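K.L.:
These are the residues of each chain, in order.
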Amino acid sequence: MASRIRIRAQLKGDYCEVKALMRHPMETGMRKDQTGASIPANFIEDVQVVHGDTVVMQAYWGAAVSANPFLGVRFKGGTQGDVVKVIWRDNQGATGTGETTIR
Amino acid sequence: MNNRFIKIIFAIVIGLWSATLLSQGEGIFDEYRDMLGDDNPAIFVIFDGEEIWYAPAGPKSASLEQCDLGLGPGVVEGAYAQLPRYFADVDRVQDIEARLEHCMIQLQGLAPDEVSAKPYSLRGDLGTQLEALVAWIADQSSGLAIAPGQAHAQEKSAYALGETLFYYRAGTHDFSCATCHEQAGRRIRLQALPNLTTHEGAAAAYSTWPAYRISQGIVRTMGWRMRDCMRQQRMPELTMGSEASVALQTYLAVNGAGASMTAPGLKR
Amino acid sequence: MGNLDPLGLTRRGLIRVSGALLVAAALPQKLWSAALRPESVFQTTTLDATFEALGGVPTISEGIIFSAPDIAENGAVVPIRIEVDASVLPGVSKLYVIVEKNPNPVAAVFQVPPNTQPYAETRVKVAQTGNLYAVAEAEGELYMMQRETKVTLGGCGG
Numbered sequence: 001m002a003s004r005i006r007i008r009a010q011l012k013g014d015y016c017e018v019k020a021l022m023r024h025p026m027e028t029g030m031r032k033d034q035t036g037a038s039i040p041a042n043f044i045e046d047v048q049v050v051h052g053d054t055v056v057m058q059a060y061w062g063a064a065v066s067a068n069p070f071l072g073v074r075f076k077g078g079t080q081g082d083v084v085k086v087i088w089r090d091n092q093g094a095t096g097t098g099e100t101t102i103r
Numbered sequence: 001m002n003n004r005f006i007k008i009i010f011a012i013v014i015g016l017w018s019a020t021l022l023s024q025g026e027g028i029f030d031e032y033r034d035m036l037g038d039d040n041p042a043i044f045v046i047f048d049g050e051e052i053w054y055a056p057a058g059p060k061s062a063s064l065e066q067c068d069l070g071l072g073p074g075v076v077e078g079a080y081a082q083l084p085r086y087f088a089d090v091d092r093v094q095d096i097e098a099r100l101e102h103c104m105i106q107l108q109g110l111a112p113d114e115v116s117a118k119p120y121s122l123r124g125d126l127g128t129q130l131e132a133l134v135a136w137i138a139d140q141s142s143g144l145a146i147a148p149g150q151a152h153a154q155e156k157s158a159y160a161l162g163e164t165l166f167y168y169r170a171g172t173h174d175f176s177c178a179t180c181h182e183q184a185g186r187r188i189r190l191q192a193l194p195n196l197t198t199h200e201g202a203a204a205a206y207s208t209w210p211a212y213r214i215s216q217g218i219v220r221t222m223g224w225r226m227r228d229c230m231r232q233q234r235m236p237e238l239t240m241g242s243e244a245s246v247a248l249q250t251y252l253a254v255n256g257a258g259a260s261m262t263a264p265g266l267k268r
Numbered sequence: 001m002g003n004l005d006p007l008g009l010t011r012r013g014l015i016r017v018s019g020a021l022l023v024a025a026a027l028p029q030k031l032w033s034a035a036l037r038p039e040s041v042f043q044t045t046t047l048d049a050t051f052e053a054l055g056g057v058p059t060i061s062e063g064i065i066f067s068a069p070d071i072a073e074n075g076a077v078v079p080i081r082i083e084v085d086a087s088v089l090p091g092v093s094k095l096y097v098i099v100e101k102n103p104n105p106v107a108a109v110f111q112v113p114p115n116t117q118p119y120a121e122t123r124v125k126v127a128q129t130g131n132l133y134a135v136a137e138a139e140g141e142l143y144m145m146q147r148e149t150k151v152t153l154g155g156c157g158g
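Residue numbers (our numbering), protein chains in the order written: chain P, 1 to 103; chain G, 1 to 268; chain S, 1 to 158.
In short, the hints are calculated from the structure, not lab data.
These numbers were taken from a predicted model, which means no experiment stands behind them.
Incorrect hints may have been included.
[Stated by the list, open to error] Between beta-carbon pairs, the in silico distance windows are:
no. : chain 1 : residue 1 : chain 2 : residue 2 : range
1   : G       : 186       : S       : 88        : 57 to 63 Å
2   : G       : 188       : P       : 54        : 20 to 26 Å
3   : P       : 11        : S       : 37        : 28 to 34 Å
4   : G       : 92        : P       : 13        : 54 to 60 Å
5   : G       : 153       : P       : 101       : 31 to 37 Å
6   : S       : 55        : P       : 99        : 46 to 52 Å
7   : P       : 93        : G       : 168       : 51 to 57 Å
8   : P       : 99        : G       : 38        : 17 to 23 Å
9   : S       : 140       : G       : 187       : 32 to 38 Å
10  : G       : 199       : S       : 55        : 57 to 63 Å
11  : G       : 34        : P       : 10        : 17 to 23 Å
12  : S       : 52        : G       : 187       : 16 to 22 Å
13  : P       : 11        : G       : 9         : 54 to 60 Å
14  : G       : 125       : P       : 92        : 15 to 21 Å
[What the hints assert, rightly or not] Listed next, the in silico DSSO-like pairs over lysine-lysine satisfying Cα-Cα at most 27 Å (straight line):
no. : chain 1 : residue 1 : chain 2 : residue 2
15  : P       : 12        : P       : 76
16  : P       : 85        : P       : 12
17  : S       : 150       : P       : 19
18  : S       : 94        : P       : 12
19  : G       : 60        : P       : 32
20  : S       : 94        : P       : 76
21  : S       : 101       : S       : 150
22  : S       : 150       : P       : 85
23  : S       : 101       : P       : 85
24  : P       : 32        : S       : 101
25  : P       : 32        : S       : 150
Every residue, glycine too, gets a C-beta built ideally from N, C-alpha and C.
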């Protein structure tokens, strides 16, 4: 499957703003499908935004974060061209990662 | 005489006040939409659609690259904006879904009932190939004017049929499309109902489908939207790519012709 | 057990916690964070229990600028934004997003490292009209701001 994370990282004054859109169903485990069967819980439990070697944000999510989740953070110390990564891990053990360079 | 004058003034004031409320109602989700910004998850589905187009599939192990969407085999940019249109090779007017089904059968060797077995995602599904293809193909017409074919006799009759179906009252509730979509300033709960008989209303609707549907987490097509309307009208199921579905989409596209496509949109 | 031992610091608990920390220190970055997920906070089912799990009822602070739409077109995706004015509320190291009427009120926890702004933007599910809380932890103290978001129904409900 193609890219699972869309990331933009932009310098704004004294901080770098990162906006990431992640592809994930974020199933709560409380829904039922067309046949009436329960759809198992499947949601991102933790997300990290990484600049170089530094974790600039550590987030822990529950199933109440919306499907195809969005994350916006602001950190200091980034320069144009630096790599920013987003890494997630879900409750089923799957992981996703994406990166971009700061504009 | 004075009494009547006062009543008239009163009626005007009430009218203006209601109009203000309704116009405030129009903007009631502005803050919500503004906070969502440009990040529409439809983007992922667009990428999927592109991949599917180029991926060999079916007994013939062929991709859809030779599929003619009306501008020549493999020409995707601008094609969606010119649908529905008449296709000589099948001697009928087709919308995007009918055309894709045709290409899957002809180019990829898939069986017709295989292709139409699951036209739309069901609850809990994460999207179908057709939905993804439509998302990508519509995105390839973004910014271009809605310009469905209306030169061919069959294209004109598709419009006429669409208009007839639009006003046709049926089903247990005696609903037609017009019941909800022929007046200005109406809403169902907090969902504004566009007047699809006008250029503005039709353009607003047609230009924004296919769309990522927030409540479902997947991209839905124009054909699906009409099918779901029919379901709620307690009408028989509107089959994907059918003459009726194509006709209704033609009616809407022609009414909205000239406006720019902005799909995939974002809907509740 | 209960309020007498909120951090589980009975002998067995202490050993368990230390053990986990030692293991966590040895894990690669990704797994390290997983071991420290504040799982219990995600399990509460009422606002009161949530505040208890956080360590107390937060004080309202104007330093927390919490944006949530007055009215959401659909409760499945509600955009929210938390900004903290550090001149009013310095030292914020954690942010919580709490949706009072959700089955489990805690939607998200953000651990803010130094050099990162106490700022988070995301989208959450809001089950029904009610209060949303942005809670900030600064130097062991809890602060909050609240907003009400109305969740609407559109169309025929299908």
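K.L.:
Now tell me, hint by hint, if it's right for this structure.
P.N.:
Structure-based check of each hint:
{"no.": "1", "hint": "G:186 - S:88: 57 to 63 Å", "verdict": "46 Å, violated"}
{"no.": "2", "hint": "G:188 - P:54: 20 to 26 Å", "verdict": "50 Å, violated"}
{"no.": "3", "hint": "P:11 - S:37: 28 to 34 Å", "verdict": "31 Å, holds"}
{"no.": "4", "hint": "G:92 - P:13: 54 to 60 Å", "verdict": "58 Å, holds"}
{"no.": "5", "hint": "G:153 - P:101: 31 to 37 Å", "verdict": "55 Å, violated"}
{"no.": "6", "hint": "S:55 - P:99: 46 to 52 Å", "verdict": "36 Å, violated"}
{"no.": "7", "hint": "P:93 - G:168: 51 to 57 Å", "verdict": "53 Å, holds"}
{"no.": "8", "hint": "P:99 - G:38: 17 to 23 Å", "verdict": "20 Å, holds"}
{"no.": "9", "hint": "S:140 - G:187: 32 to 38 Å", "verdict": "49 Å, violated"}
{"no.": "10", "hint": "G:199 - S:55: 57 to 63 Å", "verdict": "59 Å, holds"}
{"no.": "11", "hint": "G:34 - P:10: 17 to 23 Å", "verdict": "19 Å, holds"}
{"no.": "12", "hint": "S:52 - G:187: 16 to 22 Å", "verdict": "42 Å, violated"}
{"no.": "13", "hint": "P:11 - G:9: 54 to 60 Å", "verdict": "59 Å, holds"}
{"no.": "14", "hint": "G:125 - P:92: 15 to 21 Å", "verdict": "18 Å, holds"}
{"no.": "15", "hint": "P:12 - P:76", "verdict": "10 Å, holds"}
{"no.": "16", "hint": "P:85 - P:12", "verdict": "18 Å, holds"}
{"no.": "17", "hint": "S:150 - P:19", "verdict": "26 Å, holds"}
{"no.": "18", "hint": "S:94 - P:12", "verdict": "23 Å, holds"}
{"no.": "19", "hint": "G:60 - P:32", "verdict": "37 Å, violated"}
{"no.": "20", "hint": "S:94 - P:76", "verdict": "17 Å, holds"}
{"no.": "21", "hint": "S:101 - S:150", "verdict": "12 Å, holds"}
{"no.": "22", "hint": "S:150 - P:85", "verdict": "35 Å, violated"}
{"no.": "23", "hint": "S:101 - P:85", "verdict": "34 Å, violated"}
{"no.": "24", "hint": "P:32 - S:101", "verdict": "21 Å, holds"}
{"no.": "25", "hint": "P:32 - S:150", "verdict": "25 Å, holds"}
Going through the hint list in order, the structure does not satisfy hints 1, 2, 5, 6, 9, 12, 19, 22 and 23.
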